[in-house]
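Asks: Each chain, letter by letter, is given below.
Protein chains: 2
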Amino acid sequence: MPFKPCDKCSVSEMALCNALGCDDLKRLSELAFEQSAQKGETIINEADPASYLFNVTSGALKLYKLLPDGRRQITGFLFPGDFMGIAMNDCYAYSAEVVENCTLCRFSRPKLEKLMRDVPDLEHRLLNMVSNELVLAQEQMLLLGRKTAQEKVASFIKTLYERSLRRNPLATSVPLPMSRSDIGDYLGLTTETVSRTFSALKKNGVISIPDAGFVQINDPDELEDLSSGC
Amino acid sequence: MPFKPCDKCSVSEMALCNALGCDDLKRLSELAFEQSAQKGETIINEADPASYLFNVTSGALKLYKLLPDGRRQITGFLFPGDFMGIAMNDCYAYSAEVVENCTLCRFSRPKLEKLMRDVPDLEHRLLNMVSNELVLAQEQMLLLGRKTAQEKVASFIKTLYERSLRRNPLATSVPLPMSRSDIGDYLGLTTETVSRTFSALKKNGVISIPDAGFVQINDPDELEDLSSGC
DNA sequence: CGCACAATTGAAAGTTATCAAACGTTGTGG
DNA sequence: CCACAACGTTTGATAACTTTCAATTGTGCG
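Chains as they are written, first to last, in the numbering used here: chain A, -14 to 215; chain B, -14 to 215.
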């Protein structure tokens, strides 16, 4: 096992720090400020100056944008290894709120940019992460624009399930820390429609809800089919 | 006016080539292969190996993803200065088809990656472009998930109008090279709903259609209001 | 000029949203 | 430890918006 000088971060293999040599990792870790936050806390506000870039090390967050009348679109849920803080015109493009008590690695953006000039690997890594994020955003556009309520909910559960499999290949019970209302705002549906769709999937036997905050996947193949309308 | 060694590209101030010194620009231009394509041609196919990165120099394209049953989501329209070819797992994440006869600057991905190792400014520039793209994708998620048909169409026209203003600050007539069906697949609507909404906006006097393929903006402020439901 | 295709308009149907009420869960204070 | 309040979830009935299906009109091109 290679020596890991960044003692602040237990998810470095999937984070910004990945693919850096020991020296560079050390320089990056010197910039990092560890921060923890409680459920409900707002970490960044849309349109505020984008002073920091964050890396999630534990817990979960939601990113969202608002319309003037309060309608909300959640653009993503963040889990350990994910980053946030991408900006346009030096302002955040979304707000971020904690869904599940979390810890974050915070980097000053100017300092990080300075380090990136010295360590091209770091910029390369960030480019990869942002590119992946963009591909996922396009997948989400397909969901929002063209899928039915059932396909949306099935896709959402499937994505969480696959993420969970990557961390624990034997798991069948998937954590579901966000509310129905959050899920609705992520999928472009109302709370009620999300709830009804969960009920329908339970009735079909595709999923069960053993405990609040978890989904159990009984029929992964059927879930897959439902998620793209096969 | 600075010397521009990349004679292939008339939009370099907004493209990949921007912010490069003369030497680096020369090295980049040596990698570029100029290519032109006719309306209807498919330039890249979703899930094909991502061998190239493209920069649009003239014309227009659409990027799209398909569901198994043929439902289509257009994830973006590309105009001069835009790039395409971002990938995940070394495969394209979308297909690209020409909307209006276009010219492209094509870069071999491995060669470009090699050059990026030598020229960090280039990678920096690409990171900026991808980051902006991500912000726009999140804005589109808000549109797809939470806006009404009228808000969607008004937002779409407004975005085209603003892009057109940037190129020609006095223009009130905006080119609209894509079909109603393309617009529908971009906004998560049917052709019929798009057409009906255009008719309603004409009736209100917000827009006119002087010639096929163009929209004239009569009331930019009202358009702005309609686009976010004020 | 006429054919093929795109755009528009109309009528009916369907999916999802809205409004409303009941049920569960969680956390707190008596 | 229980009771209650507050909040989130579920379920039902109705309404609205958008889609679907169908027909007509308009446009571009051979």
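Careful, some of the hints might be misleading.
Identical chains share a label here; the pair holds if one copy fits it or two copies do between them.
Unchecked claim - For lysine to any residue, the following SDA-like pairs were computed, each having C-alpha atoms within a straight-line distance of at most 20 Å:
| hint | residue 1 | residue 2 |
| --- | --- | --- |
| 1 | 11 | 116 |
| 2 | 96 | 196 |
| 3 | 24 | 191 |
| 4 | 143 | 73 |
| 5 | 99 | 32 |
| 6 | 143 | 53 |
| 7 | 188 | 67 |
| 8 | 143 | 51 |
| 9 | 96 | 106 |
By construction, these hints were calculated from the structure, which means they are not laboratory data. Owing to the predicted nature of the structure, the values given are computational and were not obtained by experimental measurement.
Asks: Indicate, hint by hint, whether the structure satisfies it.
Replies: Structure-based check of all given hints:
1. In this assembly of identical chains, the alpha carbons of residue 11 and residue 116 never lie at most 20 Å apart, being 25 Å within a copy and 26 Å across copies at closest.
2. Taking the closest pair of Cα atoms, residue 96 and residue 196 never come within 20 Å of each other, the shortest separation being 44 Å inside a single copy and 52 Å across copies.
3. For the homomeric pair residue 24 and residue 191, neither the shortest alpha-carbon distance inside one copy (30 Å) nor that between copies (45 Å) is at most 20 Å.
4. Only between protomers do residue 143 and residue 73 lie at most 20 Å apart by alpha-carbon distance; the minimum there is 19 Å, versus 31 Å within a single protomer.
5. Within a single copy, residue 99 and residue 32 get their C-alpha atoms no closer than 23 Å, and across copies no closer than 36 Å, so neither meets the 20 Å cut-off.
6. Taking CA atoms no more than 20 Å apart as the test, residue 143 paired with residue 53 passes between copies only; the shortest distance there is 17 Å, against 32 Å inside one copy.
7. Taking the shortest alpha-carbon separations for residue 188 and residue 67, neither the intra-copy value of 34 Å nor the inter-copy value of 47 Å comes in at or below 20 Å.
8. When the C-alpha separation of residue 143 and residue 51 is checked against a cutoff of 20 Å, the pair qualifies only between copies, where the shortest distance is 18 Å, while the shortest distance within a copy is 26 Å.
9. Taking the shortest alpha-carbon separations for residue 96 and residue 106, both the intra-copy value of 16 Å and the inter-copy value of 17 Å come in at or below 20 Å.
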